[in-house]
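Asks: Each chain is listed here by its residues.
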Amino acid sequence: KAGVTQTPRYLIKTRGQQVTLSCSPISGHRSVSWYQQTPGQGLQFLFEYFSETQRNKGNFPGRFSGRQFSNSRSEMNVSTLELGDSALYLCASSLGQPGDTQYFGPGTRLTVL
Amino acid sequence: AQTVTQSQPEMSVQEAETVTLSCTYDTSESDYYLFWYKQPPSRQMILVIRQEAYKQQNATENRFSVNFQKAAKSFSLKISDSQLGDAAMYFCAYRFTQGGSEKLVFGKGTKLTVNP
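Heads up: the protein sequence lines correspond to chains A and W, in order.
Under the working numbering, the first residue of the first sequence carries the number 1, and numbering increases by one thereafter.
Under the working numbering, the first residue of the second sequence carries the number 1001, and numbering increases by one thereafter.
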């Protein structure tokens, strides 16, 4: 089975712009979670989608949003980018059942100038 | 609030030796799952081992094993016969159900260096 894929792998944007990141889960996985990883804050949970519905959300401003399509692929959008949004964005997929293991993608490195 | 603490920001070990990485967590839940993930410089987060809280037996995966002490809320990772490829950031994570969905909380990580 193919693993979790994320595109693009690298992005450079300027303040005020918006960005869309994409995540394709492992075949058969219906849950996709997004995380932001920074040296200072570590790994922080952004949100989780299951069967096209947002099931949970972390403590991030409304500039961070996402969606999931019927094929379980997910996109994450960040509007009005700030310098502090520079981070590695990881997505993880799972079957979505209690205690499932989450499998991570390689991440998208976003740099905001 | 559920928190995960990794008290060792950095650790080093000689090749072929054994090293133990510490992890403690805080929870009021009785049913949860614990994981160790490895993140090499390539950045891909890789599952190392998982433990169900309801199982008393410690999980083992080849050279990797855990010491799960539920009452003490401790979940340490032991790496035996360390190899150069084990060098990475190691994250301890706690997974629980809240509001019908699964949440995963990570520790800050331990950077492991393997010396030849």
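Honestly, the hints are just simulated from the structure, not real lab data.
Please note that a few of the clues may not be correct.
[What the hints assert, rightly or not] Here are the computed lysine-lysine pairs in the DSS-like style, where the Cα-Cα straight-line distance is at most 25 Å:
| no. | chain 1 | residue 1 | chain 2 | residue 2 |
| --- | --- | --- | --- | --- |
| 1 | W | Lys-1111 | A | Lys-57 |
| 2 | W | Lys-1078 | W | Lys-1055 |
| 3 | W | Lys-1078 | W | Lys-1108 |
| 4 | W | Lys-1078 | A | Lys-57 |
| 5 | W | Lys-1111 | W | Lys-1078 |
| 6 | W | Lys-1103 | W | Lys-1070 |
[Unchecked claim] Going by beta-carbon spacing under 7 Å, a handful of chain A positions derived as facing chain W:
| no. | residue |
| --- | --- |
| 7 | Pro-39 |
| 8 | Gly-40 |
| 9 | Glu-52 |
| 10 | Gln-54 |
| 11 | Gly-62 |
| 12 | Phe-64 |
All residues carry an ideal CB built from backbone N, CA and C; glycine is no exception.
Asks: Each hint should be assessed against the structure and marked as holding or not.
Replies: To see whether the hints hold, each was checked on the structure:
Distance hint between Lys-1111(W) and Lys-57(A) is unfulfilled; the C-alpha atoms sit about 28 Å from each other, more than 25 Å. Taking the CA atoms of Lys-1078(W) and Lys-1055(W), the gap is about 18 Å. The hint holds against a cut of 25 Å. For the suggested pair Lys-1078(W) and Lys-1108(W), the alpha carbons sit about 18 Å apart, so the restraint of at most 25 Å is met. Using a Cα cut-off of 25 Å, the hinted pair Lys-1078(W) and Lys-57(A) is violated, with the two alpha carbons roughly 33 Å apart.
Among the hinted pairs, Lys-1111(W) with Lys-1078(W) is consistent with the structure: their alpha-carbon atoms are about 14 Å apart, no more than 25 Å. At roughly 19 Å between alpha-carbon atoms, Lys-1103(W) and Lys-1070(W) fall within 25 Å of each other, so this suggested pair holds. Proximity of Pro-39(A) to chain W is violated relative to the hint, the smallest CB-CB distance being about 10 Å (cut-off 7 Å). Evaluation of the Gly-40(A) hint against chain W yields a violated restraint, the C-beta minimum of about 10 Å exceeding 7 Å.
Taken as an interface hint, Glu-52(A) does not check out: its beta carbon lies about 14 Å from the nearest beta carbon of chain W, beyond 7 Å. At its closest, the beta carbon of Gln-54(A) sits 9 Å from a beta carbon of chain W; the interface hint therefore is violated under the 7 Å criterion. Here the hint on Gly-62(A) is broken, as its CB sits about 19 Å from the closest CB of chain W, past 7 Å. This hint is violated: Phe-64(A) has a C-beta 16 Å from the nearest C-beta of chain W, more than the 7 Å allowed.
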